[in-house]
Amino acid sequence: MDESGHRRIRITRRTVLESGTVTAAFLLGGFPPFALSAEGSDAEAVTPVSVELRVNGQLHTLTLDPRTTLLDTLREHLALTGSKKGCDHGQCGACTVLLDGRRINSCLTLAAMHDGQDITTIEGIADGEKLDPLQAAFIEHDGFQCGYCTSGQICSAMGMLSESRAGAPSYVTENLAEAQPALTDAEIRERMSGNICRCAAYPNILAAIKQAAGAPT
Amino acid sequence: MKAFTYERANSLTEAAAALAKPGAKIIAGGTNLLDLMKLQVERPAHLVDINRIPLDKIEDTAEGGLRIGAMVRNSDLAADQRVRQRYGVLSRALLAGASAQLRNKATTGGNLLQRTRCYYFYDVTKPCNKRDPGSGCAALGGFNRIHAILGASDQCIAVNPSDMAVAMRALDAQVETVDANSMTRAIPIAEFHRLPRDTPQIETTLKRGEIITAVTLPPPPIGKQIYRKVRDRASYAFALVSVAAIVDAADGKVRSARLAFGGLAPKPWRVAPAEERLIGAPASEQTFDAVASDVLDGARGHGGNDFKITLTRRTLRAVLTEASLT
Numbered sequence: 001m002d003e004s005g006h007r008r009i010r011i012t013r014r015t016v017l018e019s020g021t022v023t024a025a026f027l028l029g030g031f032p033p034f035a036l037s038a039e040g041s042d043a044e045a046v047t048p049v050s051v052e053l054r055v056n057g058q059l060h061t062l063t064l065d066p067r068t069t070l071l072d073t074l075r076e077h078l079a080l081t082g083s084k085k086g087c088d089h090g091q092c093g094a095c096t097v098l099l100d101g102r103r104i105n106s107c108l109t110l111a112a113m114h115d116g117q118d119i120t121t122i123e124g125i126a127d128g129e130k131l132d133p134l135q136a137a138f139i140e141h142d143g144f145q146c147g148y149c150t151s152g153q154i155c156s157a158m159g160m161l162s163e164s165r166a167g168a169p170s171y172v173t174e175n176l177a178e179a180q181p182a183l184t185d186a187e188i189r190e191r192m193s194g195n196i197c198r199c200a201a202y203p204n205i206l207a208a209i210k211q212a213a214g215a216p217t
Numbered sequence: 001m002k003a004f005t006y007e008r009a010n011s012l013t014e015a016a017a018a019l020a021k022p023g024a025k026i027i028a029g030g031t032n033l034l035d036l037m038k039l040q041v042e043r044p045a046h047l048v049d050i051n052r053i054p055l056d057k058i059e060d061t062a063e064g065g066l067r068i069g070a071m072v073r074n075s076d077l078a079a080d081q082r083v084r085q086r087y088g089v090l091s092r093a094l095l096a097g098a099s100a101q102l103r104n105k106a107t108t109g110g111n112l113l114q115r116t117r118c119y120y121f122y123d124v125t126k127p128c129n130k131r132d133p134g135s136g137c138a139a140l141g142g143f144n145r146i147h148a149i150l151g152a153s154d155q156c157i158a159v160n161p162s163d164m165a166v167a168m169r170a171l172d173a174q175v176e177t178v179d180a181n182s183m184t185r186a187i188p189i190a191e192f193h194r195l196p197r198d199t200p201q202i203e204t205t206l207k208r209g210e211i212i213t214a215v216t217l218p219p220p221p222i223g224k225q226i227y228r229k230v231r232d233r234a235s236y237a238f239a240l241v242s243v244a245a246i247v248d249a250a251d252g253k254v255r256s257a258r259l260a261f262g263g264l265a266p267k268p269w270r271v272a273p274a275e276e277r278l279i280g281a282p283a284s285e286q287t288f289d290a291v292a293s294d295v296l297d298g299a300r301g302h303g304g305n306d307f308k309i310t311l312t313r314r315t316l317r318a319v320l321t322e323a324s325l326t
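Residue numbers (this note's numbering), protein chains in the order written: chain A, 1 to 217; chain B, 1 to 326.
Okay, chain B solo, but in the shape it has when bound:
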């Protein structure tokens, strides 16, 4: 680990001021950041600890949704009765991620900012445009079975590893932030994560000095909520493919559907035409296959991850079949 100076911030104002220092970075749960600092993938010169700032509440909103403080731990969010009863897809996604020990530490804000698990990003002896812009991408011609089939670029094919963000994408969450000038804004989660294009090192639309304060969920949409995660182990492994689905179906017909995917792309993936095709359509295998083709429009394998195309098709079919059973 490279040396850094450490500062405990007691308020958002203090944190924002501290974040202006050269090489400063915020530490919340630390489960991803410290892992990367030990490998010198992350090398902050100054750490701003925000664990004492009271952002750990889950509150009902006037609209009938929830406002989740940025410091709410993943385990607390998953176990909250309101989340379990009204946003089951979020509770399930959280419980599908990491281990119980990590979930006790990992925060809502930190989870949104977790870095990719691409092996080459982690290995500082290998080229990686995300870690070291301009150095190349070792994953393109390398071992890439966990990598992206959608939304990638010729600079980077890393996937976003979050389960939580996939459920939040299906729920149309908003990410609330504040900056050093106390300016606040709400970023729709669809616009929060960026595609890599020519700058894979820039992963979100957060501006320098901007701090996540909360995530808000609109009132829960009507329909059955499902989170299906396919991975190499039954527990404690990242997704190869995951699907967050909220589907309202009755009498063999789908009335509305939202589908978000993990493990496929550099950000939680949603495809509007796929969801539109489901509206009013018969809940049949033929429909589900056509929906899968919409989702996989433009999908491209890189050798090791070609199987993800078939796996996505089959996982989606299983999820939609389960969702439309009444």
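Isolated chain A (complex conformation):
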């Protein structure tokens, strides 16, 4: 891949379906990088921005259309397609990644806003071949059906567990003054409400997170 942000992505039927034939044709023809990143179909003049992102520990220097969201940067420029585009409006949580260790919706932020920051995606969560306890627990408890929301669920759960360890309260915390609210089932459900699973694998997702919460990290 070249670090100007244009990565060669193998064209499959799925790529064409997802990106639209026009974008796919640009990819094949090796058009300038901006054709890829411009979300709108309008051919307006664009002043590119330069961004340095550390994604899963690896530094990337990119030149982007300022409109490029962090999610599109990960998926289209860095070929990290683990983070999913569900609604693209911050409603479903499928695009959840960790920004300097905190969970955010990568669809509702611009890559340009994160120059010099650390991003962790689902691809960066395992330690080599060794799965993170959350990943292992999702498999053990069958915490998914179609799997589309799973990367977001796992990244979100990872952020949620560190918030909980830091003592953060939630809407259902009875006593706000308590320094370390216990992570009950109701607490986990409330804290994970930004991640929608349309297969409704919620009981198993809850079981997986509960197991991982008790596991050494």
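It should be emphasised that the hints constitute simulated quantities derived from the structure, not laboratory data. Possibly wrong hints are sitting among the right ones.
Residues of chain A clear of chain B, computed beta-carbon distances all greater than 10 Å [unchecked claim]:
hint: 1; residue: Arg54
hint: 2; residue: Gln58
hint: 3; residue: Thr81
hint: 4; residue: Glu129
hint: 5; residue: Ala136
hint: 6; residue: Glu140
hint: 7; residue: Asp142
hint: 8; residue: Cys146
hint: 9; residue: Ala182
hint: 10; residue: Asn204
20 Å max Cα-Cα, derived EDC-like pairs, lysine to aspartate or glutamate [as the list claims (entries may be wrong)]:
hint: 11; chain 1: A; residue 1: Lys85; chain 2: A; residue 2: Glu123
hint: 12; chain 1: B; residue 1: Lys224; chain 2: A; residue 2: Glu178
hint: 13; chain 1: B; residue 1: Lys2; chain 2: A; residue 2: Asp88
A short, non-exhaustive set of chain A residues, derived as facing chain B with CB atoms under 7 Å [stated by the list, open to error]:
hint: 14; residue: His89
hint: 15; residue: Gly90
hint: 16; residue: Thr96
hint: 17; residue: Ile104
hint: 18; residue: Thr109
hint: 19; residue: Met113
hint: 20; residue: Tyr171
hint: 21; residue: Glu190
hint: 22; residue: Ser193
hint: 23; residue: Gly194
Where is the CB? At the ideal position from N, CA and C, for every residue including glycine.
With chain A's structure known, arrange chain B on it following the hints.
This is chain B only, laid out in the frame that chain A set:
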């Protein structure tokens, strides 16, 4: 998304200068602005990113209150021990809003400026006086179950969606700003949001080029603090009705009360006569009903949202009953 130029401001002076450019807009957390830009409801020509400006501190004030930097994230504000112990209503309101991911991004200043969730404001194929002044209001004769019953006009019946601002209204917060000439001022939150009248596109009393730098809270008032939010889902949904209450009651009598409402109006709603009626009054159902009538003075449904009148009455009764239990 329409094309824009992007600029990172490293100081308030830089941000104020950049904001003078044509079509310039500030981006903080971006969770509301980018959502609207994707739909072309918002179309800034220039984005000024203020995420590098150090406005992310929560400090004690000399008066015994708190000064919250405009860039303090909603999650950090809700989790701050001082807020949890002294301003529980604010912590609860923040935690009642959005999702954890959004709260990690959304800022104090940005939350005050978030736009309405009226479906017709979001749908660029429909008339909307707020988005496109003079085009009409599709909500008036449309699907309006989430819309305002108080403070609306025949131009716009959209509600302000913020939970945080409702708690801040009950706490009598002040919004601190600075402009391009380095002039600062403090706006009482009661005067920060505007009613729509004939200009629903103008939502706040901020002047062009003015930037929010902080929100200050006076010392916490005496009394039990409650935030009750009624919505379509148990979590991650906007309020149909919400109540921020700070009530001091003992021996079956109310000594003082502050009540602010969300989901009812274009701005966080407070009614002085309702609060005055509670002073020295017995904590009874009869009192609470009379207080609800004060709050709902002038309330008008538009068909789909008629239920909000009854819902407000019942929610307020539940809150006041809980608040006066000792």
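Hints, verified against the model:
Non-interface call for Arg54 of chain A relative to chain B: holds, since the shortest CB-CB distance, roughly 17 Å, exceeds 10 Å. Its beta-carbon lying about 23 Å from the closest one in chain B, Gln58 of chain A satisfies the requirement of being farther than 10 Å from that chain. With a minimum CB-CB distance of about 19 Å to chain B, Thr81 of chain A clears the 10 Å threshold, and the non-interface call stands. With 10 Å as the threshold on Cβ separation, the claim that Glu129 of chain A sits away from chain B holds: the shortest Cβ distance comes to roughly 29 Å.
For Ala136 of chain A, the condition that its CB be more than 10 Å from all CB atoms of chain B holds, with the nearest at approximately 23 Å. Here Glu140 of chain A stays apart from chain B, with its beta-carbon at least about 24 Å from theirs, past the 10 Å limit. A cut-off of 10 Å between C-beta atoms confirms that Asp142 of chain A is not in contact with chain B; the least separation is 24 Å. Under the 10 Å C-beta cut-off, the non-interface status given to Cys146 of chain A relative to chain B holds; the minimum distance is some 21 Å.
No Cβ of chain B approaches the Cβ of Ala182 of chain A within 10 Å, the least distance being about 16 Å, so the stated non-interface status holds. No Cβ of chain B approaches the Cβ of Asn204 of chain A within 10 Å, the least distance being about 19 Å, so the stated non-interface status holds. Distance restraint check for Lys85 of chain A and Glu123 of chain A: the Cα-Cα separation of roughly 15 Å lies within the 20 Å cut-off, and the hinted pair is therefore satisfied. At most 20 Å may separate the alpha-carbon atoms for a hinted pair to count; Lys224 of chain B and Glu178 of chain A meet this at roughly 17 Å.
Proposed proximity of Lys2 of chain B and Asp88 of chain A is supported: the alpha carbons are some 16 Å apart, at most 20 Å. At a threshold of 7 Å, the smallest CB-CB gap from His89 of chain A to chain B is about 5 Å, leaving the interface hint in force. Among the interface hints, the one on Gly90 of chain A holds; its C-beta lies about 6 Å from the nearest C-beta in chain B, closer than the 7 Å criterion. For Thr96 of chain A, the interface hint holds, the least distance from its beta-carbon to any beta-carbon of chain B being 6 Å, beneath 7 Å.
A hinted interface residue such as Ile104 of chain A counts as satisfied when its beta carbon comes closer than 7 Å to some beta carbon of chain B; here the least separation is about 5 Å, so the hint holds. For Thr109 of chain A, the interface hint holds, since its Cβ comes within 7 Å of a Cβ in chain B; the closest pair sits about 5 Å apart. Proximity of Met113 of chain A to chain B holds as hinted, the smallest CB-CB distance being about 5 Å (cut-off 7 Å). With its C-beta approaching chain B no nearer than about 4 Å, Tyr171 of chain A sits inside the 7 Å limit, and its interface hint holds.
For Glu190 of chain A, the suggested interface contact is upheld, since its CB lies about 5 Å from the closest CB of chain B, less than 7 Å. For Ser193 of chain A, the interface hint holds, since its Cβ comes within 7 Å of a Cβ in chain B; the closest pair sits about 4 Å apart. Below 7 Å, beta-carbon pairs count as interface contacts, and Gly194 of chain A has one with chain B at about 3 Å; its hint therefore holds.
This entry satisfies every hint, going by the numbered hints stated previously.
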